[in-house]
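Novice: Here is how the chains run, residue by residue.
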Amino acid sequence: MRFSIKEIASKMGATIVGDDSLFVTRLAPIAQASKDELTFISEEKYFPFASTTHAKVIIVESCDPLPRDKTYLVVKGNVRQYLPILLMLFKPSFKQIDKMIEDSAEIAKDVHIPKSCYIGHDVKISKGCKIYPNVSILEGTVIGENCTIYPNVTIREFSKIGKNVIFQPGCVIGSDGFGYYTLGGKHIKIEQIGTVVIHDNVEIGSNTTIDRGAIGDTVIGMGTKIDNLVHIAHNDLIGENCLIIAQTGISGSVTVKNNVTIAGQVGVAGHLTIGENVIVAAKAGISKDLAPNQKYQGNPAQPMLDEQKSKVYVRKLPKLFERVKELEKMILEKNKGEN
Amino acid sequence: MRFSIKEIASKMGATIVGDDSLFVTRLAPIAQASKDELTFISEEKYFPFASTTHAKVIIVESCDPLPRDKTYLVVKGNVRQYLPILLMLFKPSFKQIDKMIEDSAEIAKDVHIPKSCYIGHDVKISKGCKIYPNVSILEGTVIGENCTIYPNVTIREFSKIGKNVIFQPGCVIGSDGFGYYTLGGKHIKIEQIGTVVIHDNVEIGSNTTIDRGAIGDTVIGMGTKIDNLVHIAHNDLIGENCLIIAQTGISGSVTVKNNVTIAGQVGVAGHLTIGENVIVAAKAGISKDLAPNQKYQGNPAQPMLDEQKSKVYVRKLPKLFERVKELEKMILEKNKGEN
Amino acid sequence: MRFSIKEIASKMGATIVGDDSLFVTRLAPIAQASKDELTFISEEKYFPFASTTHAKVIIVESCDPLPRDKTYLVVKGNVRQYLPILLMLFKPSFKQIDKMIEDSAEIAKDVHIPKSCYIGHDVKISKGCKIYPNVSILEGTVIGENCTIYPNVTIREFSKIGKNVIFQPGCVIGSDGFGYYTLGGKHIKIEQIGTVVIHDNVEIGSNTTIDRGAIGDTVIGMGTKIDNLVHIAHNDLIGENCLIIAQTGISGSVTVKNNVTIAGQVGVAGHLTIGENVIVAAKAGISKDLAPNQKYQGNPAQPMLDEQKSKVYVRKLPKLFERVKELEKMILEKNKGEN
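Residue numbers (this note's numbering), protein chains in the order written: chain B, 24 to 362; chain E, 24 to 362; chain C, 24 to 362.
Among the hints, a few may not be true.
Note: identical chains are not told apart, hence a pair may lie in one copy or across any two.
[What the hints assert, rightly or not] DSBU-like cross-link-like pairs, simulated, lysine-lysine; straight-line CA separation at most 35 Å:
#1 Lys-118 / Lys-29
#2 Lys-348 / Lys-318
#3 Lys-209 / Lys-58
#4 Lys-212 / Lys-280
#5 Lys-58 / Lys-186
#6 Lys-280 / Lys-150
#7 Lys-186 / Lys-34
#8 Lys-352 / Lys-342
#9 Lys-318 / Lys-209
#10 Lys-58 / Lys-34
Since the hints were made in silico from the structure, they are not lab data.
Starting from the given sequences, assemble the full structure and let the hints guide the process.
Specialist: Below you can see the structure in the form of structure tokens.
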């Protein structure tokens, strides 16, 4: 599927500055966009990306400060207000379910599909995969070699799965992210048109959920292992060789660098970055960026030693209250004695 | 299905005061009961409901203080001790699974049911619904127009679903609530005979679980959006246009008023009320009612500013300990100097 | 399946001390091993088990201090380094999925299997069981009488289920535990060759996950009730008549004794023991063993009264800061007055 940028410009009432004969395939965030994708700059802080993005076409409010070798769709007013139009335009038009294995699915010869599985339109399943019963793989998903997909797993539309990935039972890949805008007190769904990319050698725990990107992808890096009942929200970028323990929840648009270990029941607020080699203790609440190569604990999380000191001080509080009482008594008695 | 109140009274050894020719369809809590339902008053604090309930028939220990225009089943001893008898009596007798689409199911013409789905007895699915594979919809459930039900969703018996409701993959509607009574150290299951009511424009996240009511219904109000891996327990009454973020758990019989936002990994204790427009920060633990129009944080949750102050004071504790030490030294030295 | 200990010794380069004609069926931890199972002692603290284990054959580094009536496989160097060899050796070779109900499955006559269910090789389902649609029961699982298995449940290989067990929708039994060893920064999967044993009268909540043992079993004791979205990790031994409330997570190799109540969203660190009749309040974080017959609260959890006192002291902190400020002023003014 591809879209003429003339058509897109016309839907937004935008002016084209540059090559108006271009076509784009998808809408993507500027840091992730490939050369055939359309992207956008909604805030000044993204200006530097105009030079580094692979995208050829960028939606902007003004192209004056930006490099000349790109094509711009210049809109009136704020770029963000055009997102609903763009999302409707780029929302994939899912195909009707016809059969349990759709005709256009490509399944390697050595792969057995149990009868209760659904394999959607244009799905590709590579050799060596082991598919258990009651699995649903929706339209356009591509699955690399030697993956194991246990029962009751759902992989939603257009997910891209590497090699040797293991999906424990009941996990969900590519559910819609939790994205709404509120208008007159009502929450209106923001179409979630991105997808999920899972690299080689990842394992996903049972009943864990990984949401698709709103625009652009949610990514799980090579060799990362995710435990049961974990929540990974839209547009999270999880690095390589991470360990994410059970019942942890990571809000949207978080970047987790490589070799990070996050213990159980941790919560991470949105739009943060967790540095390389960080270790987060169980039940921590992360509310700001974490510098690399350190251990963190607590809610809000702080470096582990600081948190442990805080806890020790809290435990000593009853004694402190007593000591202050003593001091008060001493001073008051002294004052009395002197009067 | 309907039951003669004569028959019910006889099973409980109750005396009928009022019209003994009445019939009832179901057992319901007094605040929710409709005119054809049987209800009960087990504590004095529910006396005022006797005037306002739609129910015509009420089980009571004594009807002396209560209005004359109702019919009463007067039992000996405590009303609660009759609940096991009532639950067994009103427990729906589920029908045997015969086919993947039962003959009595009514499915709108434009709705396609994939082969691996189960559509139970007397289920009604309205036009415009999109049903994905491996979905199970059990007996008596009614689903409004234009709902989307992703793979591996379970909707259990007698659920009532509005229009435009979206069920992300793997969510569970109408599982039994966690209700037991303990007898000689053993936990005996309390039959969960209520159901789940989900109003229009709700979205339910992937692998979220919503338990059916014990008696009466668990209700999700219009326009409310629930994220992934959330737990909603039996008889919760969630208002309209609420946002409930991932991994939050709400214990049984909680009332959440309209326009409430509950961030991720929050826990709410049972039988509480959360006022309108409340915002609860992530990871809070709510252990008492929350007044409307405020922000809360912490465990136990308190108004956000108070909680943030507490946190600041805890961070300053090491300095406080030092200051007290200094004071002690000053006083002791002074005393020494004076002696 | 059984293995000659000669063959096993040869694969490990071990010397047999004792009866070299023995056969074993499985690898098991020393406290759980039955007489036909192979076990091992990797640390001195397990020496006393050599006298009490039912196993006849034990892998050790040296058998000098150990009783003479057992047979030993004496290895060079650390026992633990041979685990990968042993795990590969004892890893069950799962059978190919052929049909929706495999020929070798034994299903009681009165049990109806809906068309979309998968019943694996050698599975046994006893009389009185009620199986809902989209259930997957994998190879070798044995299910006792009168169990109820709601839709979209997965029970993985070789699970042993007692009588009257209820599985709410979407729960997962026997997923792989989260076990890896790290080599050059990469996490290598440790094969999880144990299984799950669930005793009579247990109930498992919707979308709850119970991992199989790494070596040996994860066990849920008779009469225990587990709520929704709970995570039970590999080799947990949960006692009888426990109540484990929603969204609690128990790390690996934890022992929970009988009659324990763990409220919602609690986290338990690995390898701990929680004593009989313990009650843990919601959201607690348990980081050390808990003595029996007490109530605990907080993170890290402490006896409930201590925790509540700590909380009270924290709430009083603003006043304490003021009092200390007052004292400082008094002393300074006094000093000034005296100078």
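Novice: Of all the hints given earlier, name the ones this structure violates by number, lowest first.
Specialist: The structure breaks none of the hints.
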